[in-house]
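Colleague: Protein sequences, first through last, are from chains P and Y. Residue numbers 1 to 197, in this note's numbering, belong to the letters of the first sequence in order. Residue numbers 1 to 421, in this note's numbering, belong to the letters of the second sequence in order.
Be aware that a few hints might be false.
Said to hold, decoys possible - Each computed BS3-like pair below joins lysine-lysine, with the alpha-carbon atoms no more than 27 Å apart:
#1 P:Lys180 <-> Y:Lys236
#2 Y:Lys288 <-> Y:Lys276
#3 Y:Lys339 <-> Y:Lys329
#4 P:Lys173 <-> Y:Lys276
#5 Y:Lys327 <-> Y:Lys410
#6 Y:Lys288 <-> Y:Lys218
#7 P:Lys173 <-> Y:Lys410
#8 Y:Lys198 <-> Y:Lys276
#9 Y:Lys218 <-> Y:Lys329
#10 Y:Lys115 <-> Y:Lys228
#11 Y:Lys276 <-> P:Lys66
#12 Y:Lys327 <-> Y:Lys218
#13 Y:Lys276 <-> Y:Lys115
#14 Y:Lys218 <-> Y:Lys228
#15 Y:Lys236 <-> Y:Lys276
#16 P:Lys66 <-> Y:Lys115
#17 Y:Lys339 <-> Y:Lys228
#18 Y:Lys329 <-> Y:Lys198
#19 Y:Lys339 <-> P:Lys180
#20 P:Lys173 <-> Y:Lys339
#21 Y:Lys198 <-> Y:Lys339
Worth flagging that the hints you see were computed from the coordinates, not collected in a lab. None of the values given here were measured: they were computed from a predicted structure.
Residues per chain, in single letters:
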Amino acid sequence: AYADAPFGLGRPALEEEIAAWDLDVSPDGTGLPVGSGDVFTGEEVFIENCAVCHGDFAEGRGNWPKLAGGDGSLADEDPLKTVGSYWPHLSTAWDYVNRSMPFGNAQSLTPDEVYGIVAYILYSNYLVEDDFVLSNENFTEIVLPNADGFIIDDREESEYAIWRAEPCMENCKDTVEITKRATVLDVTPDEEVTEEA
Amino acid sequence: MTSSFKGPKASRRQFLAGAAAIGAGAATGARAQTPDPLITEVQEWAQGLGEGVDATPYGMPIRFETDVVRRNVPWLTADPISSINFTPIHALDGTITPQGCAFERHHSGAIELSKDDYRLMINGLVDRPLVFTYADLERFPREQHVYFCECAANTGMEWAGAQLNGAQFTHGMIHNMEYTGVPLRTLLNEAGIQTEGKWVYVEGADASSNGRSIPMDKALDDVLVAFKANGEALRKEHGYPVRLVVPGWEGNMWVKWLRRIEVTTQAVESREETSKYTDTLADGTSRKWTWVMDAKSVVTSPSPQSPITHGPGPLVITGLAWSGHGKIKRVDVSTDGGKTWQQARLASEAGDKALSRFYLDINWDGSEMLLQSRAMDETGYVQPTKAQLREVRGLNSVYHNNCIQTWHVKSNGEAENVEVS
């Protein structure tokens, strides 16, 4: 009986509440707050908050993500995907750092600090000079190297059209050889022994 | 994958113990030589008393099943907080995944969020930006459905070769639950979608936020804002008290601890749909918005963690099949590496975008097998081989590996993850 009618549940969201939670930034710059940060200030903030995992030059430490390098490697056997080599939009870097970094202490940075960090990441990827200042005003002028590197899911044409076919049931191939074995790599964790529990 | 694991081979010990049991009592249908004391002597459980009904207000599995647990693979990620673990699918049957061992994938850990503290906001291109409490959500008309949630990276470690030795590790980033919740459509209607609203951006209450963009068509179709799974509240690690259920689509979009839904004109192109969950092809370009999980299957037993311990004779081959495009129509099984196939039987009527259980009962003669399963869904799509996938995509797609899996079953019943020509 209710069908699609509004139920009158919930209450209006206040402007302050929307401002507190709606932080996302889109590729066209929608959502960016007023602010700015330069490479040198960004480096200081980065060393203080980020370098312990991501390295002094955003090159990554241990198994933690590398934020710089890898340009031209995407078609390699072992591509290195970073902000500079892979990410299409600078907005994503700003948005993600602002909302979810540093890991374990997210949402602790000011907008100016985020502008500085993002400027420093650009510098670490050799995309700007060391006197560069990033702000909400010049933000959308930055075009990342892999901006055109993405296509929308094309499986419908490139895969489904081919693989929607009646499959072979008998005499499907003459020979079958084992070409790879997981036990050669031997990287599967052993079971913790609990059988005596 | 710099580290390797050279500890005691518990799984092998267990296997050998099983093999020894064959010698002791197995011989199917054979006449006993001496009376079985488990029958002829009165056992303790037949004489004394068991536990009272007040012993266990909320129970755990019996201690003999302690191997049926989530497992992780430490070398896969930098730390165990933004990481993955695996459902023990090799030991389960049927289709419903017990919540307590259903896999987890977090980006900043499993947070604790009470119903009292919970808030859900709808904002953006809506007539009435709204805030809901948990209690509000329970007052909307509900629906209930069974769906699989498969991580986009399930089987991702197997792109380059046969790597991890067990169905739990190769195919266990999946669970299948019966959800109760409110259609996302109902909540969007409550706020009133404006005509320019073409996408919704959804995010969680955790530090990672896990924000993703979903096109409005899908949002208005079958997406659920769920608060119950398998009859009870969501587990903390699965998004308590509220998560998004996005039927058929990659698990990353099933945002947990859902806190905000924003109606937008365009995709936000967040980190989780640019840096991650994009699939790089051989020429270096990458697919984005590869939302649907294609038809897939795996034999769960026999498999490396579930060897044959009973010797030749009747053998149940069983496994799971699923498709993000709809229902599973049929599953074929090969015991000779794909030379010949026979149709398995589905245990029950296939669900829409849900796990299906299949069985093939054979009389095993004790010879080696190369076991494979091949799913077909209601669109006629047939699960491809890894070679077919690689031909289109190359080796670096990371996500969406739905290839046919091969287990090499040896004559002693042990099984290994292999690739075949």
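Colleague: Determine for every hint whether it applies to the structure shown.
Modeller: Quick rundown of the hints versus the structure:
{"no.": "1", "hint": "P:Lys180 <-> Y:Lys236", "result": "39 Å, violated"}
{"no.": "2", "hint": "Y:Lys288 <-> Y:Lys276", "result": "9 Å, holds"}
{"no.": "3", "hint": "Y:Lys339 <-> Y:Lys329", "result": "21 Å, holds"}
{"no.": "4", "hint": "P:Lys173 <-> Y:Lys276", "result": "37 Å, violated"}
{"no.": "5", "hint": "Y:Lys327 <-> Y:Lys410", "result": "33 Å, violated"}
{"no.": "6", "hint": "Y:Lys288 <-> Y:Lys218", "result": "16 Å, holds"}
{"no.": "7", "hint": "P:Lys173 <-> Y:Lys410", "result": "21 Å, holds"}
{"no.": "8", "hint": "Y:Lys198 <-> Y:Lys276", "result": "22 Å, holds"}
{"no.": "9", "hint": "Y:Lys218 <-> Y:Lys329", "result": "23 Å, holds"}
{"no.": "10", "hint": "Y:Lys115 <-> Y:Lys228", "result": "13 Å, holds"}
{"no.": "11", "hint": "Y:Lys276 <-> P:Lys66", "result": "14 Å, holds"}
{"no.": "12", "hint": "Y:Lys327 <-> Y:Lys218", "result": "18 Å, holds"}
{"no.": "13", "hint": "Y:Lys276 <-> Y:Lys115", "result": "31 Å, violated"}
{"no.": "14", "hint": "Y:Lys218 <-> Y:Lys228", "result": "21 Å, holds"}
{"no.": "15", "hint": "Y:Lys236 <-> Y:Lys276", "result": "24 Å, holds"}
{"no.": "16", "hint": "P:Lys66 <-> Y:Lys115", "result": "38 Å, violated"}
{"no.": "17", "hint": "Y:Lys339 <-> Y:Lys228", "result": "44 Å, violated"}
{"no.": "18", "hint": "Y:Lys329 <-> Y:Lys198", "result": "33 Å, violated"}
{"no.": "19", "hint": "Y:Lys339 <-> P:Lys180", "result": "18 Å, holds"}
{"no.": "20", "hint": "P:Lys173 <-> Y:Lys339", "result": "5 Å, holds"}
{"no.": "21", "hint": "Y:Lys198 <-> Y:Lys339", "result": "48 Å, violated"}
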